[in-house]
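Chemist: Residue-level listing of the chains:
4 protein chains.
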Amino acid sequence: MKTIGILTSGGDAPGMNAAVRAVVRSAFVKGMKVFGIRRGYQGLIKDDMFEMELRSVSDIIQCGGTMLYTARSVEFNSPEGVAKAVKICKKRGIEGIVVIGGDGSFRGARDLSASGIPCVGIPATIDNDLACTDYTIGFDTAMNTATQMVDLLRVTSESHDRCSVVEVMGRRAGYLALQTGISVGATAILVPEVEYNVDKDVISRIKKSMKTNKRHFIVIVAEGIGMVNDLSDYIYQKTGIECRPTILGHVQRGGVPTVTDRVMASRMGCHAVGLLAKGIGNRVVVLDHSQIKDIDIFEALAMTKEFDKKLYQVARDISV
Amino acid sequence: MKTIGILTSGGDAPGMNAAVRAVVRSAFVKGMKVFGIRRGYQGLIKDDMFEMELRSVSDIIQCGGTMLYTARSVEFNSPEGVAKAVKICKKRGIEGIVVIGGDGSFRGARDLSASGIPCVGIPATIDNDLACTDYTIGFDTAMNTATQMVDLLRVTSESHDRCSVVEVMGRRAGYLALQTGISVGATAILVPEVEYNVDKDVISRIKKSMKTNKRHFIVIVAEGIGMVNDLSDYIYQKTGIECRPTILGHVQRGGVPTVTDRVMASRMGCHAVGLLAKGIGNRVVVLDHSQIKDIDIFEALAMTKEFDKKLYQVARDISV
Amino acid sequence: MKTIGILTSGGDAPGMNAAVRAVVRSAFVKGMKVFGIRRGYQGLIKDDMFEMELRSVSDIIQCGGTMLYTARSVEFNSPEGVAKAVKICKKRGIEGIVVIGGDGSFRGARDLSASGIPCVGIPATIDNDLACTDYTIGFDTAMNTATQMVDLLRVTSESHDRCSVVEVMGRRAGYLALQTGISVGATAILVPEVEYNVDKDVISRIKKSMKTNKRHFIVIVAEGIGMVNDLSDYIYQKTGIECRPTILGHVQRGGVPTVTDRVMASRMGCHAVGLLAKGIGNRVVVLDHSQIKDIDIFEALAMTKEFDKKLYQVARDISV
Amino acid sequence: MKTIGILTSGGDAPGMNAAVRAVVRSAFVKGMKVFGIRRGYQGLIKDDMFEMELRSVSDIIQCGGTMLYTARSVEFNSPEGVAKAVKICKKRGIEGIVVIGGDGSFRGARDLSASGIPCVGIPATIDNDLACTDYTIGFDTAMNTATQMVDLLRVTSESHDRCSVVEVMGRRAGYLALQTGISVGATAILVPEVEYNVDKDVISRIKKSMKTNKRHFIVIVAEGIGMVNDLSDYIYQKTGIECRPTILGHVQRGGVPTVTDRVMASRMGCHAVGLLAKGIGNRVVVLDHSQIKDIDIFEALAMTKEFDKKLYQVARDISV
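As you go down the protein sequences, you meet chains A, B, C and D in turn.
Heads up: the first sequence at position 45 corresponds to 45 in the working numbering, and the numbers run straight through without jumps.
Heads up: the second sequence at position 187 corresponds to 187 in the working numbering, and the numbers run straight through without jumps.
Heads up: the third sequence at position 270 corresponds to 270 in the working numbering, and the numbers run straight through without jumps.
Heads up: the fourth sequence at position 206 corresponds to 206 in the working numbering, and the numbers run straight through without jumps.
Simulated from the structure, these hints should not be mistaken for lab results.
A couple of the hints might just be wrong.
Which copy is meant is left open, because identical chains are indistinguishable; a pair holds if it fits in one copy or across any two.
Under the rule of at most 16 angstroms between Cα atoms (straight-line distance), these lysine to aspartate or glutamate pairs were calculated in the EDC-like manner [stated by the list, open to error]: (1) 238 / 199; (2) 84 / 230; (3) 309 / 195; (4) 214 / 53; (5) 90 / 193; (6) 293 / 193; (7) 91 / 288; (8) 30 / 317.
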């Protein structure tokens, strides 16, 4: 391949810029030309792109968000949309595309690949909810941002002998909530993957800790569970501890990328270009037991992820 | 005076610990004994206190919250409560008290002073809503924490061409919202002190900026205004810009104290002890045009604060 | 005036970008055209400038450093250099210039003003060493960055029962060192403005604290004193406490601007444009007891700054 | 086992407290008693320890450093010292010890195990230089702290068109330097594990980048190489780019533990107690391809670590 495109799609994740940079720079090492496509598949269909230079990606490795912007495209989710995208690629001479995003983005990459434009996916979502890979870019930054914010809540909770009930992002997945919950020593962690009973898994645990003179508490609730306002009221009613609900919200998306996200994005970006350079498409770059590998997109999308129950048990044992 | 008490009361504010430390240390320089009273006036009534040593306040200057804890006391707000407090003071030999908190706390200090226990107030609240002083401990940290969080939101808003509508604390006051709004370059800032019209002051401003190719926006709303969810819907409806509401919440209370808060608390703490050492009570320590002074509590509570309209205009002029 | 220039000069300071933004935006409100001059007076002489637009200064308020770059110019420090600068201004139609920097930069502004190009200075240096103003942009950020770093050192010092001897920036001035020293609870603070005796002001203070069971220490040394390696050795030799010297260095320049720096820069930037709009030059914008005012540059450069000895005493009293 | 001891030894590392907490809490789950031994093997020999309670480890998971303090002990490094330690253990009823530290600490654990007190090591050092494990507690925090500081330097380097030459910790290992170097987009990274030629690997790379209009540079040098002052001078001499050397120093030790360090410490702490509970000693807990396992201490100490040359090449390819 001589010319490739690159786009970011779906929710933004810290580290996407580091991945864009790695793709551009390693494509240049291999003598390729790179088009930066703005606002994901929508930009592809609208031919909203620019030829990137070596210095286009200078001083972005430390920036959250995505310099290529991102958007959702309804139009692309149709055979006509895909056909339009293929046409634009032909016109521009784009022979392959690196798609940085989550599973929705990979479905687009699969369709484009099937239509003759080989695509390689790089997993990037703060939710870490992709079954095909141990890691998705943005997860480490988001969990650290969430944890830093709950560390702030701890201070005021402690001063007032209160309980903070905090909703952490993650869509239908509880990975972000679990890591954050362990990191802040949460007395209870509620995630969609583990059945729970509020009386047993929250109220009893708080009451038990109260007996050992603990007077302030943190309860972490995954976005997929929600209901932090009701839960706060219920905890107060059952324990007498004043509660304050907090929904951390989009702040969690915005962190300065951590080292893990910058390095992982760099490694995955280089790997993706290596595949396209060999003409290989329809692959997702993955982390598999600390090794960078790649797998078929169809297979990747069909996999189901197992929740780390053992880690969840660690949290329960030591946060008392 | 040979023996004084110290308590923190009302909402916690970063820098309270630095004030406690300064009070203890400067009392020691003057040969005084200090009782640390836990959980504000409630602890005073319950005789929940301990004699502090030089090292009791080591390694707390950098900690948010309050090592003396804080609480609201209904009981103290009655002549019987105050009488009880006086009795405890006599029993313990406490001749004066330093009260760190906001206007509610100062009303208690006024009542105690009137009942024979001279009190000196140190203003500490993240809202900076006390008329008697240019500065209240905790304000600088809170406004920096709020700004850092909106900086995070900016990143994701920009990637998605969105508008972030953010509620900032401050109870009935807009100082925190104004400082944060200027610092993040908010297109609109709504505060209780300034009348507003959403169409003119938010929608028109956004539309005008859109014409100059601005695609992402930040709107800051003071807690005293609220309604960020409705406002988000309205902005989307009128401008077509996707909006995300965020309520920053108690995270704003928890920051590591900034230098301004640590230094201001140190200066005010020393000044408060200087007053008690001379037997002077019923005073509030204040910052008046960068000078540390003190004024009568009755007077302090009667003052009304003027909003800095000129600064508000600066914000409007340059955030376009 | 219809057209003005803006430049940043001398050492960079966090908040310079916020000042540039305020100048550009308030000039636009007044219908002026603005040239952004790159790399200070050197860029002016080389005619290295560009016409700024409303959006040129978008998304920079939160960035440290200066988007206009900065440099020192030997050539400008001569009558020929100034004449060249005046010629370029005439050619470009530049009728006045806003100069953001420290005293060296203001000397240039004075010379240019005297040669017919009215200049207004905005004080920006992390050292806060200008006599004419209570505040210089960048100081708040730098003192918070320095404090955060010494907070990190405290953690490891405490774990090892060590003494950290830390050099803080400030050139010949001790303001940064004093604020940092108070904020970290330094057992000793050495600044050029206060005579000291190492045995009395460092060793004795450490030994006295050791008797009260303090086992880890922080000593802050202003850049103007230096010698942290020798001082470390000496402390170890005299007290038996293991010491670690650290020179914080240029890291202190790079912080994300704090709210104080962003707001102060916004206010000063607007004030500077207000002056030029009225055709007034040869002035420095200053903070005088929390009010923004302006004074004559000649006078400003002739003033001498007094060190806050009272604050220094506060530090000595409470850090024991 | 009914009673165990726990100590931290060698250089402090962020996350040590999280490990202590996990050990205490999971020992309690298993009905064990835990002695907290102060200042490592030195405290063991001096019988400086205290019985820990459930709440002894509250609110420490977010703190860097070690609540048990750390120190080096010359006396313990002798058969007599070990014998003394064994005697103290017998007296106290300590049947096993968890040792948190680096390879020096593990040699002590090996000797104690051989003398009849089964020990389990938990790897904790910011250098990540232990061959037996993919991860040592503290590494993630340290590399993020180092990166944040170089991010600050980048800002000022860029404003002045300078080159920052930065020494990063790591003793004889280059892991911290490599991760930091990739994360900051360093033009050159010098580590002890890879042979280098300054002209080819630093000067030529900078000159090549200058041709593509890059004007500011970062060079990362591992502690094991050092010489940043000389290197700075040499770069200036050869390229004309102004250089500023910085030695980050002990600040790198002090960070608030990241999520990875808190979670890894929690997992390793639980695993260590699980081993002692079964009477198993002379083991080191390790991370092996994202799995927590354990290996023989003798074997662990005999292993040699391989440097990730492929990752080093990634750095060279994309930082241009």
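Chemist: So, for every hint listed, does it hold in this structure?
Modeler: How the hints compare with the structure:
1. 238 / 199: within (9 angstroms within a copy, 45 angstroms between copies)
2. 84 / 230: neither (48 angstroms within a copy, 38 angstroms between copies)
3. 309 / 195: Within. Shortest intra-copy distance 11 angstroms satisfies the 16 angstroms Cα cut-off; inter-copy 45 angstroms does not.
4. 214 / 53: between (57 angstroms within a copy, 12 angstroms between copies)
5. 90 / 193: neither (44 angstroms within a copy, 46 angstroms between copies)
6. 293 / 193: neither (27 angstroms within a copy, 25 angstroms between copies)
7. 91 / 288: neither (37 angstroms within a copy, 48 angstroms between copies)
8. 30 / 317: between (51 angstroms within a copy, 10 angstroms between copies)
When held up to the earlier numbered hints, the structure conflicts with 2, 5, 6, 7 and fits the remainder.
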